[in-house]
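Enquirer: What follows is each chain in one-letter form.
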Amino acid sequence: GIQVEQSPPDLILQEGANSTLRCNFSDSVNNLQWFHQNPWGQLINLFYIPSGTKQNGRLSATTVATERYSLLYISSSQTTDSGVYFCAVEPGNTGNQFYFGTGTSLTVIP
Amino acid sequence: KAGVTQTPRYLIKTRGQQVTLSCSPISGHRSVSWYQQTPGQGLQFLFEYFSETQRNKGNFPGRFSGRQFSNSRSEMNVSTLELGDSALYLCASSLVDSYEQYFGPGTRLTVT
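Residue numbers (my numbering), protein chains in the order written: chain A, 1 to 110; chain B, 1001 to 1112.
Misleading hints may appear alongside valid ones.
Unchecked claim - Computed far set for chain A versus chain B, every beta-carbon distance over 12 Å:
1. Asp10
2. Gln37
3. Thr62
4. Ser75
5. Thr80
6. Glu90
7. Asn96
To be verified - Have a look at the derived ranges for each label pair, beta carbon to beta carbon:
8. B:Gln1017 to A:Ser76: 42 to 50 Å
9. B:Gln1041 to A:Tyr69: 18 to 26 Å
10. A:Lys54 to B:Asn1056: 39 to 47 Å
11. B:Thr1080 to A:Asn18: 30 to 38 Å
12. A:Thr79 to B:Gln1054: 36 to 44 Å
13. A:Gly52 to B:Gln1017: 42 to 50 Å
14. B:Ser1051 to A:Asn45: 38 to 46 Å
15. A:Trp40 to B:Glu1100: 41 to 49 Å
16. A:Ile2 to B:Tyr1099: 36 to 44 Å
17. A:Thr66 to B:Gly1016: 45 to 53 Å
18. B:Gln1054 to A:Ala17: 26 to 34 Å
19. A:Ser76 to B:Pro1061: 28 to 36 Å
20. B:Ala1002 to A:Ser76: 27 to 35 Å
21. B:Pro1061 to A:Pro9: 37 to 45 Å
These aren't lab readings, by the way, just hints derived from the structure by calculation. Note that the Cβ used here is the ideal one computed from N, Cα and C, for glycine as well.
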């Protein structure tokens, strides 16, 4: 199956700092989503972004499908941004089967 | 619109027992997928149902099974539980193929 790599695996930031999370994937995809997993385990949708750029408040994401990577930008980080961020891809021939990266664990300290 | 709901939220079972988890998708969504999350293996795809048909199955033993009803609600069943089945089980629903997936809060299963 498709390989999904996320970097960095861990990130510690001071409140107010900016960060970039990266997701590389090994094959073409029809669907790419970024999620934030809250402390109770629920995956919160951040972006549905198979290609292009989107912004939502302090968060933005860019997917360059031809080069097989996506970036998630977090600006002016807050303690509530802490948690694990996952990138998930669907190759398009698997009927909604997602492949997840191993996640980036973000800790924002006050 | 109500989100994806999963019941129960927490479950403790004994090795050898069986368990059934339930997932109700967002109204109008016809695709339901199940995932297992463990610290060692991360998030892994179990299976996906669309219009009551299993379209894909991940690399899990036959003890893991599922079904989908005509109202798109889905259940997954794990028979002969093993300690390694302890995990967070997540359900996701989607309107159509290759479209945005929405996850439920999960069921945390502990096998003792």
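Enquirer: Each hint needs a verdict: does it hold in this structure or not?
Expert: Cross-check of the supplied hints:
no. : hint                             : in the structure
1   : Asp10                            : 14 Å, holds
2   : Gln37                            : 9 Å, violated
3   : Thr62                            : 17 Å, holds
4   : Ser75                            : 23 Å, holds
5   : Thr80                            : 18 Å, holds
6   : Glu90                            : 6 Å, violated
7   : Asn96                            : 5 Å, violated
8   : B:Gln1017 to A:Ser76: 42 to 50 Å : 49 Å, holds
9   : B:Gln1041 to A:Tyr69: 18 to 26 Å : 24 Å, holds
10  : A:Lys54 to B:Asn1056: 39 to 47 Å : 28 Å, violated
11  : B:Thr1080 to A:Asn18: 30 to 38 Å : 49 Å, violated
12  : A:Thr79 to B:Gln1054: 36 to 44 Å : 42 Å, holds
13  : A:Gly52 to B:Gln1017: 42 to 50 Å : 48 Å, holds
14  : B:Ser1051 to A:Asn45: 38 to 46 Å : 23 Å, violated
15  : A:Trp40 to B:Glu1100: 41 to 49 Å : 21 Å, violated
16  : A:Ile2 to B:Tyr1099: 36 to 44 Å  : 18 Å, violated
17  : A:Thr66 to B:Gly1016: 45 to 53 Å : 51 Å, holds
18  : B:Gln1054 to A:Ala17: 26 to 34 Å : 45 Å, violated
19  : A:Ser76 to B:Pro1061: 28 to 36 Å : 47 Å, violated
20  : B:Ala1002 to A:Ser76: 27 to 35 Å : 32 Å, holds
21  : B:Pro1061 to A:Pro9: 37 to 45 Å  : 29 Å, violated
Violated hints, in rising order: 2, 6, 7, 10, 11, 14, 15, 16, 18, 19 and 21; the structure is consistent with all others.
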